[in-house]
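Listed here are the chains, written in short residue letters.
2 protein chains.
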Amino acid sequence: MVNVAILGFGTVGSGTAEVIEENSKSIALNAGEEIKIKYILDVKEFPGSPFEKLVIRDFSVVENDPEVSIVVETIGGVSAAYEYTKRALLAGKSVVTSNKELVASHGYELLQIACEKNVNYFFEASVGGGIPIIRPINECLAANKIHEIFGILNGTSNYILTKMITAHTDFYESLREAQDLGYAERNPSADIEGYDAARKICILADLCFGKNVSPEDISVRGITDVTLNDVEYARRVACKIKLLGRAFRLSDGRVCAYVAPHLIGKTSLLSNVDGVMNGIVVHGNAIGECMFYGPGAGKRPTASAVVADIIDAVKHREKRKPINWNKAEEGYVASADEVPMRWYVRTGSGLETIGKAFGNLRLISYPGEYPGAGPGEYAFLTEEMTGREGKKRLSDTGVRSLFPVLD
Amino acid sequence: MVNVAILGFGTVGSGTAEVIEENSKSIALNAGEEIKIKYILDVKEFPGSPFEKLVIRDFSVVENDPEVSIVVETIGGVSAAYEYTKRALLAGKSVVTSNKELVASHGYELLQIACEKNVNYFFEASVGGGIPIIRPINECLAANKIHEIFGILNGTSNYILTKMITAHTDFYESLREAQDLGYAERNPSADIEGYDAARKICILADLCFGKNVSPEDISVRGITDVTLNDVEYARRVACKIKLLGRAFRLSDGRVCAYVAPHLIGKTSLLSNVDGVMNGIVVHGNAIGECMFYGPGAGKRPTASAVVADIIDAVKHREKRKPINWNKAEEGYVASADEVPMRWYVRTGSGLETIGKAFGNLRLISYPGEYPGAGPGEYAFLTEEMTGREGKKRLSDTGVRSLFPVLD
Chain P
608 MVNVAILGFG TVGSGTAEVI EENSKSIALN AGEEIKIKYI LDVKEFPGSP
658 FEKLVIRDFS VVENDPEVSI VVETIGGVSA AYEYTKRALL AGKSVVTSNK
708 ELVASHGYEL LQIACEKNVN YFFEASVGGG IPIIRPINEC LAANKIHEIF
758 GILNGTSNYI LTKMITAHTD FYESLREAQD LGYAERNPSA DIEGYDAARK
808 ICILADLCFG KNVSPEDISV RGITDVTLND VEYARRVACK IKLLGRAFRL
858 SDGRVCAYVA PHLIGKTSLL SNVDGVMNGI VVHGNAIGEC MFYGPGAGKR
908 PTASAVVADI IDAVKHREKR KPINWNKAEE GYVASADEVP MRWYVRTGSG
958 LETIGKAFGN LRLISYPGEY PGAGPGEYAF LTEEMTGREG KKRLSDTGVR
1008 SLFPVLD
Chain U
608 MVNVAILGFG TVGSGTAEVI EENSKSIALN AGEEIKIKYI LDVKEFPGSP
658 FEKLVIRDFS VVENDPEVSI VVETIGGVSA AYEYTKRALL AGKSVVTSNK
708 ELVASHGYEL LQIACEKNVN YFFEASVGGG IPIIRPINEC LAANKIHEIF
758 GILNGTSNYI LTKMITAHTD FYESLREAQD LGYAERNPSA DIEGYDAARK
808 ICILADLCFG KNVSPEDISV RGITDVTLND VEYARRVACK IKLLGRAFRL
858 SDGRVCAYVA PHLIGKTSLL SNVDGVMNGI VVHGNAIGEC MFYGPGAGKR
908 PTASAVVADI IDAVKHREKR KPINWNKAEE GYVASADEVP MRWYVRTGSG
958 LETIGKAFGN LRLISYPGEY PGAGPGEYAF LTEEMTGREG KKRLSDTGVR
1008 SLFPVLD
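Chains as they are written, first to last, in the working numbering: chain P, 608 to 1014; chain U, 608 to 1014.
To be clear, the hints were calculated from the coordinates, so they are not data collected in a lab.
Since this is a predicted model, take the numbers as computed values, not measurements.
Hints are not guaranteed to be accurate.
[Claimed, not checked] Which residues of chain P face chain U? A partial, calculated answer using Cβ under 7 angstroms:
1) 738
2) 743
3) 751
4) 754
5) 835
6) 838
7) 895
8) 915
Beta carbons: idealized from backbone N, C-alpha and C, even for Gly.
Only chain P is shown next, with the shape it has when bound in the complex:
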């Protein structure tokens, strides 16, 4: 029997306890041993909960109990979570987490400690909620050199964009609805401004390309500027607007990662990834393209990934699983501005100004023609050019929207 301590009894922590109890038999079969929750660490009490008696407040109880071999960190954030994770690893316990913020910012360091102490630090639930993606990258696609990975990594912003596309409610109304339904937090900035997706694409880049990419090193743009005009113009060129995190290897060995709203073609699989669902596309030199789809958040889906990690930690107590995540050299992360892409532009400038700046362009809208458009508004697609070049040309054209096109 393996004893587990769960740190933080919020949504994911309680979902984890629930799934462990509910599927105990099949989980024991898959792990080869019974899994028992010994402690739940939380500052609150949970009267009436079936787990009430397991709740403790002092982490050192977990830290000093040699019977506890696996610690599940579902606190979130970086303060207590970081401290407890470090102490648990140093005490020789494997740690499983759903905490993307902590993994994105301190994953490299925590994996180093895990390696020194010969224990595991697993974080399948940190990206894509329940979707199997970390283990597929590390194991199932281990024969590949991965070129590129991109996807819809944030369910809240995808829900809002889906609403804008299907119900034609504007950003703020769609956000309010997401909040009412519990899909967005009262302070939704991490989701709608792209920081959550940035953490996740960094974790994916770390694993796909083997070296550390920090969220603060990449360009991040959220969905707060996306308007119903943009949605309409995208529709005209058979595209949908989706917030993507994207990372790829350049031919010189550097890696580029960024988060931005994209126009993606309606026949692409990601364009049907709607609502709170997530979808992640991977390109490898043996497999070609593959995609992973599923619920990117939520109590039980996230618990599905957490418990899978617990099972794997049980199976690999004696022989830890190495994860290929190394320190990056100076200059490893290339700016997204250096990479050629096609662009969607919405602007208040006149046709002459745009024509002079871009020459070859594909016009999507004409002023006055669409009721929602502002006065004198044009939208168009450019040829392939770097973001730097595009911004230079746009500098005096009154840009309202500027998104990459991926079709």
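Using the hints provided, position chain U relative to the given structure of chain P.
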């Protein structure tokens, strides 16, 4: 260093050798050891191939060489492949295969031998080509009780159906084109009659539900009867016709599996899985729904899965990975005819006959209205009923097509 022998130097075998050579450094990093191809067993010679000197004809060389710890079986079929796999396992070597026919028919027995000899028998490439699906089921979704799994499991038939839908060429013309492009074999029966998909859904059912389901125990229907009329009628109700393998658990613990053309809604993700691509949907009681998508066949994609298995076999030489696949009791597999579904029906009978047989139905077409329709042809959707009930009611209505609807 780990020595590997590849049995069969056809498409998958040569792709495997190619990927091992090309990505040798990253593969060694992931496996923790260098992987070396020591022998390639084939009846042919390969003058000019970089692997020419490794080719042997006598399996006992592999069998008796203690340096070879992993054998890759990419021969296909069940005669030599079965014999060599058995002998390799009995000689204490792990075996990796892409051979769905062998795994579907003898997987349970071969896993028993692997267990006795404390070696691994891995078959990620047997379902979905390069798509990670076997390992995700066994490991990433190990916290779940899986309810249901279904998907587009055969690239050849999906290519043909996609052609019928997009280019409006009929079944035979689409098949001929698939043959010209190398997507279909000269004798395409295993693909177009559903037997290949049947093997794959059985392997998935074996793993998802833990007990053996044989291809000969399930109902299999291919795409040879699908007409352009069916394609058109499906389009009218916002559906596409796709060949699905499907398996699910009944409330009494039995499992139902079958292969058949289905009408699926155009907003479902599988409806955008086109051409030779495969897509597999899994429903679990923790994760909810997730999907895996990618190339279902082909030299390098399949090699991607084979080499991932080799890497895993290297990492688990000391401690084998158990796979939960047990003997089934009598009566474990339920007939698909017992399960309630909605049906699409195309028939030559008159409205009165149909109305009498079905009462509530949704008519899709009227005789004479569509030029492609035969004289007096009707197509309609039924309410939910078992296949048995449907067939009884249809017994005297001149049925031309009868497919389940999944939306």
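Comparing the hints with the structure gives:
| no. | hint | in the structure |
| --- | --- | --- |
| 1 | 738 | holds (6 angstroms) |
| 2 | 743 | holds (5 angstroms) |
| 3 | 751 | holds (6 angstroms) |
| 4 | 754 | violated (12 angstroms) |
| 5 | 835 | violated (21 angstroms) |
| 6 | 838 | violated (18 angstroms) |
| 7 | 895 | holds (5 angstroms) |
| 8 | 915 | holds (5 angstroms) |
Checked against the numbered hints above, the structure violates hints 4, 5 and 6; every other hint is satisfied.
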